[in-house]
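> The primary structure of each chain is shown beneath.
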Amino acid sequence: MNFTSTIGLEVHFELKTKSKIFSPSPVTYGAKPNTETNVIDWGYPGTLPMVNKEVYRLGLMVALATHSHINPVTHFDRKNYFYPDNPKAYQITQFFKPLAENGYVEVEVHGKKKKIHIHEMHIEEDAGKNTHGTNGFSYVDYNRQGVPLLEVVSEPEMTDPDEAVAYLEKLREIVQFTGASDVKMEEGSMRIDTNISIRPAGQKELGTKVEMKNLNSFEHVRLSLAYEQKRQQEILLSGGRVRLSTRRFDTNTGKTVLERVKEGDADYRYFPEPDLPPYHIKQEWVDEIAANLPKTADERRKIYVDEYGLKPYDANVLLQNKESSDFFDATVAAGADPQQAANWMNTQVNGYLNEKHAELKDIALTPENLAAMIKLISDGTISSKIAKKVFAETVANGTDPKKYVEENGMAQLSDESVLAPMVKEVVDANPQSVEDYKNGKDRAIGFLVGQIMKQTRGKANPKVINKLLLADLASR
Amino acid sequence: MNYLNETIDSLNYKLKSGAVSADQLAKDTITNIKKTDEKINAFITVDEDAKPAEDLDFNNKLAGVPIAIKDNIITNGLKTTAASHILYNFEPVYESTVVAKLKAAQATIIGKTNMDEFAMGSSTETSYFGATKNPWNLNKVPGGSSGGSAAAVASGEVVAALGSDTGGSIRQPASFNGIFGIKPTYGRVSRWGLIAFASSLDQIGVMSKRVKDSAEVLNVIAGADDRDATVSEKEVPDYTSFLGKDVKGLRVAVPKEYMSDAVEEGVRKAVETQIELLRANGAIINEVSLPHTKYVVPTYYIIASSEASANLERYDGIRYGYRAEAKNLDEVFLKSRSEGFGDEVKRRIMLGSFALSAGAYDKFFLQAAKVRTLICQDFDKIFEDNDVIVGPVSTETAFDLNSEISDQIKMYNNDILTISVNMAGIPAASVPAGLSETTGMPVGFQIMAKRFDEGHVFQVADFIERNNKFYEQTPAGLED
Numbered sequence: 001m002n003f004t005s006t007i008g009l010e011v012h013f014e015l016k017t018k019s020k021i022f023s024p025s026p027v028t029y030g031a032k033p034n035t036e037t038n039v040i041d042w043g044y045p046g047t048l049p050m051v052n053k054e055v056y057r058l059g060l061m062v063a064l065a066t067h068s069h070i071n072p073v074t075h076f077d078r079k080n081y082f083y084p085d086n087p088k089a090y091q092i093t094q095f096f097k098p099l100a101e102n103g104y105v106e107v108e109v110h111g112k113k114k115k116i117h118i119h120e121m122h123i124e125e126d127a128g129k130n131t132h133g134t135n136g137f138s139y140v141d142y143n144r145q146g147v148p149l150l151e152v153v154s155e156p157e158m159t160d161p162d163e164a165v166a167y168l169e170k171l172r173e174i175v176q177f178t179g180a181s182d183v184k185m186e187e188g189s190m191r192i193d194t195n196i197s198i199r200p201a202g203q204k205e206l207g208t209k210v211e212m213k214n215l216n217s218f219e220h221v222r223l224s225l226a227y228e229q230k231r232q233q234e235i236l237l238s239g240g241r242v243r244l245s246t247r248r249f250d251t252n253t254g255k256t257v258l259e260r261v262k263e264g265d266a267d268y269r270y271f272p273e274p275d276l277p278p279y280h281i282k283q284e285w286v287d288e289i290a291a292n293l294p295k296t297a298d299e300r301r302k303i304y305v306d307e308y309g310l311k312p313y314d315a316n317v318l319l320q321n322k323e324s325s326d327f328f329d330a331t332v333a334a335g336a337d338p339q340q341a342a343n344w345m346n347t348q349v350n351g352y353l354n355e356k357h358a359e360l361k362d363i364a365l366t367p368e369n370l371a372a373m374i375k376l377i378s379d380g381t382i383s384s385k386i387a388k389k390v391f392a393e394t395v396a397n398g399t400d401p402k403k404y405v406e407e408n409g410m411a412q413l414s415d416e417s418v419l420a421p422m423v424k425e426v427v428d429a430n431p432q433s434v435e436d437y438k439n440g441k442d443r444a445i446g447f448l449v450g451q452i453m454k455q456t457r458g459k460a461n462p463k464v465i466n467k468l469l470l471a472d473l474a475s476r
Numbered sequence: 477m478n479y480l481n482e483t484i485d486s487l488n489y490k491l492k493s494g495a496v497s498a499d500q501l502a503k504d505t506i507t508n509i510k511k512t513d514e515k516i517n518a519f520i521t522v523d524e525d526a527k528p529a530e531d532l533d534f535n536n537k538l539a540g541v542p543i544a545i546k547d548n549i550i551t552n553g554l555k556t557t558a559a560s561h562i563l564y565n566f567e568p569v570y571e572s573t574v575v576a577k578l579k580a581a582q583a584t585i586i587g588k589t590n591m592d593e594f595a596m597g598s599s600t601e602t603s604y605f606g607a608t609k610n611p612w613n614l615n616k617v618p619g620g621s622s623g624g625s626a627a628a629v630a631s632g633e634v635v636a637a638l639g640s641d642t643g644g645s646i647r648q649p650a651s652f653n654g655i656f657g658i659k660p661t662y663g664r665v666s667r668w669g670l671i672a673f674a675s676s677l678d679q680i681g682v683m684s685k686r687v688k689d690s691a692e693v694l695n696v697i698a699g700a701d702d703r704d705a706t707v708s709e710k711e712v713p714d715y716t717s718f719l720g721k722d723v724k725g726l727r728v729a730v731p732k733e734y735m736s737d738a739v740e741e742g743v744r745k746a747v748e749t750q751i752e753l754l755r756a757n758g759a760i761i762n763e764v765s766l767p768h769t770k771y772v773v774p775t776y777y778i779i780a781s782s783e784a785s786a787n788l789e790r791y792d793g794i795r796y797g798y799r800a801e802a803k804n805l806d807e808v809f810l811k812s813r814s815e816g817f818g819d820e821v822k823r824r825i826m827l828g829s830f831a832l833s834a835g836a837y838d839k840f841f842l843q844a845a846k847v848r849t850l851i852c853q854d855f856d857k858i859f860e861d862n863d864v865i866v867g868p869v870s871t872e873t874a875f876d877l878n879s880e881i882s883d884q885i886k887m888y889n890n891d892i893l894t895i896s897v898n899m900a901g902i903p904a905a906s907v908p909a910g911l912s913e914t915t916g917m918p919v920g921f922q923i924m925a926k927r928f929d930e931g932h933v934f935q936v937a938d939f940i941e942r943n944n945k946f947y948e949q950t951p952a953g954l955e956d
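Taken in order, these protein sequences are the chains called A and B. Numbering-wise, the first sequence is residues 1 to 476 according to the numbering used here. Numbering-wise, the second sequence is residues 477 to 956 according to the numbering used here.
Read the hints as simulated data drawn from the structure, not as lab findings. Mixed in with the good hints, there may be bad ones.
Computed spacing ranges between beta-carbons, pair by pair [claimed, not checked]:
hint : chain 1 : residue 1 : chain 2 : residue 2 : range
1    : A       : 213       : B       : 804       : 24 to 30 Å
2    : A       : 54        : B       : 857       : 38 to 44 Å
3    : A       : 75        : B       : 710       : 18 to 24 Å
4    : A       : 204       : B       : 861       : 56 to 62 Å
5    : A       : 75        : B       : 804       : 36 to 42 Å
6    : A       : 159       : B       : 857       : 55 to 61 Å
Below are the DSSO-like pairs computed for lysine-lysine, each with C-alpha atoms no more than 30 Å apart in a straight line [claimed, not checked]:
hint : chain 1 : residue 1 : chain 2 : residue 2
7    : A       : 79        : B       : 846
8    : B       : 811       : A       : 129
9    : B       : 839       : A       : 97
Quick caveat, the model's predicted, so the values are computed rather than measured. For every residue, glycine included, the Cβ atom is placed at its ideal position computed from N, Cα and C.
Construct the complete structure from the given sequences, taking the supplied hints into account.
Structure below.
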């Protein structure tokens, strides 16, 4: 018997704001527990939420980038549940009128293009974080309480794990290139819940769904969904029934484990948040955001390949994240040759970042300095060998390459009127090499170049030397 | 110091002229409160360390004037309990906007007044700190939920007090105590620091013996606030500018539903006397109908309780307030809430939780929200042709202590004349209309106006006050 799978995904993105969604507390990843909180985040009696407007703006960017319908009037609702990390015992979210609905992303799976539709996306506050100590105590960190989230809910229309992962990759890329979120799964700025049900092929009615929460990587999404497909099939084939439940993916065994069986949908007693009036989203504002939307990865890829002539592979490396693509664009904008800039970004710069476990924003290198260095190479001022030294300096200390080269006398000697007499002198002093050259031993050239380099302490432009040397030898 | 014969103006004059110092005034006020409270229990907390602001500027009418605050309004560093066991020891670490504004106007915050627990009740009998008594008759309730503020003003403990009104909690106790009390338009006064009962209905207001004193205090506390998204940015007029006017040509609507047989005879007569007074002075009296009045009680109790059920979920015994002795975490939650909340609060949490639950939501909460819209439309229609709506505040005068506390349906139904105002978000006040011929207790005359039209409310209230001079009467219960 064949089975059809139905997969839906709920993805939470932390929106990149300076302060929380409903309070002025700052948001900094990794801050000391409870240092970025105030009376609003603690749910103190008498406090009220005020919406951080930036949250709407970032949410709208994602809505626009996913071709979603933006609700002209949106409002918040209370979702009631009691838990120690939830200080008001309700979460302020959007249930009745989400920010946007009916969007889609286009993916390519197994060589076929497919639109995956987005049911809705809404903004909400994150909860605090519970940790359980080994000393019998549990701890709550409210730094995360009130961090703005955008939850993107797909239609349940993916049919295999590859499609689910393709959707996630595309969604991450889209969101990342709007700049609305850092989309770092390891820091929790992108979190994934999945649900999957299977049914015999041809059957209309959907099977019972199983949910999996907080998957840590795309690979875990793929593996857990594949495992569930198989597990649920075996149950159905043996005449059993899949139970409505939440399961956890065990990364050690590669299996999913039952967490809890659900009797039905939880009753969150949603109702409109009376402390926040409905919000009217003006079309002019949406138009303004749309006009200033950063280029998507697809748009950038087209420019890199078609205009700059980069290899698709190199373009994709640059497009791994928005930071590197932005850095590359800025380097090109500062006058660097795109191919050269791509080579340096994808080899030396990435190498440096890997070595230092750093990100572009953490290091001293600026696009302007990288461009300046590339220009010094292309105009012959420095050799690629010297360039390595210049790069090491500017990447570590942010030094201006031009100034550094000048101050350290690293500029190449390219002036023929200076080099020609030196060439003549070296050739005169080495008759044996001339002899060897005449007898067809090309290696002799290398020796003569080396001698000139020695005299100029490596600063002579090898291209010019070669040219002068060949001319000189030919004349003898 | 007793304030029965004082006004903010008279105090301002005494302070400015040096007849009394602000320090002395604060001390004398505390001494008098302690003495009077032995009889009426109007205060939960008196701030023994209350100090007037430094460098008093007597151009501020409130400079050095002691003001009392209902105990569901946050006072930084001063215990704020909402009259609940669950917050019996809660010392806030931030300031409410209204208190910050009063302090900026150099008022002296003298203490926190008693109330029904979390403002749920109409008699101040559900307070964890014991009932407040009516200064006109110590065997009667002061009304509620702002019963402490009302009794404190009526007995002369303070010249003015802040209250809050979710379904009549300023107007009904003002009426029962023979004082003035105004619930401003929803969104006129910031709720930042008001411990929420029903967020879409709650509004802070003022209670005082004299109409002008409430206008002075409202001038200070009203206006925009970037901590409350529901507060209006509309400019605040000088409310004293509406005083001293006549009522000639004023269009006054009297809803027939507010003058039915359900209203006690003594109340109805006193109210009719005021209507005749207005008519005799050139006001145009129109009988109108608020056809959805019969639905307001269930509608209100569904909406208010639903919001309350969410607002009160945060009290879990962990971060502040009462924490029960318990063996494990779940028991902390369970016992703290079981022991921390009184019966009336629990009843409303259960009612609200039910009204929001799957299956019930459409039938109860959503339906109530629709009726609320109809109630708003009733008012809009009347205000097309009328400046104010008038009628009684309550169907009755102050009732005996312990007489209704066990009959919730009766107590809830008594709110019928005040709660529509909260659902429509309009301003309304209670001004004394004399004593009931049948009970001898004070009767309140209610004046309602369009949203943000507090001006007409003050105008009519001031006119009534000038003509019946009820403020000259002294509460009988205070005589030794």
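> Each of the hints needs a verdict: does it hold here or not?
Hints, one by one, checked against the model:
1. Between residue 213 of chain A and residue 804 of chain B the beta carbons are some 25 Å apart, a value that agrees with the proposed interval 24 to 30 Å.
2. Taking the beta carbon of each, residue 54 of chain A and residue 857 of chain B are about 41 Å apart, inside 38 to 44 Å as hinted.
3. At roughly 22 Å, the beta-carbon separation of residue 75 of chain A and residue 710 of chain B lies within the given 18 to 24 Å, and the hint holds.
4. Checking the proposed 56 to 62 Å range against residue 204 of chain A and residue 861 of chain B shows it holds: the Cβ atoms sit about 59 Å from each other.
5. Checked against the hint of 36 to 42 Å, the pair residue 75 of chain A and residue 804 of chain B passes, with Cβ atoms roughly 39 Å apart.
6. Range check, residue 159 of chain A to residue 857 of chain B: about 56 Å between beta-carbon atoms, so the 55 to 61 Å window is met.
7. For the hint linking residue 79 of chain A to residue 846 of chain B, the alpha-carbon distance of about 21 Å falls within 30 Å, and the restraint holds.
8. As the CA atoms of residue 811 of chain B and residue 129 of chain A are separated by approximately 24 Å, the hinted pair is consistent with the 30 Å bound.
9. The hinted pair formed by residue 839 of chain B and residue 97 of chain A meets the criterion: a straight-line CA distance of about 20 Å does not exceed 30 Å.
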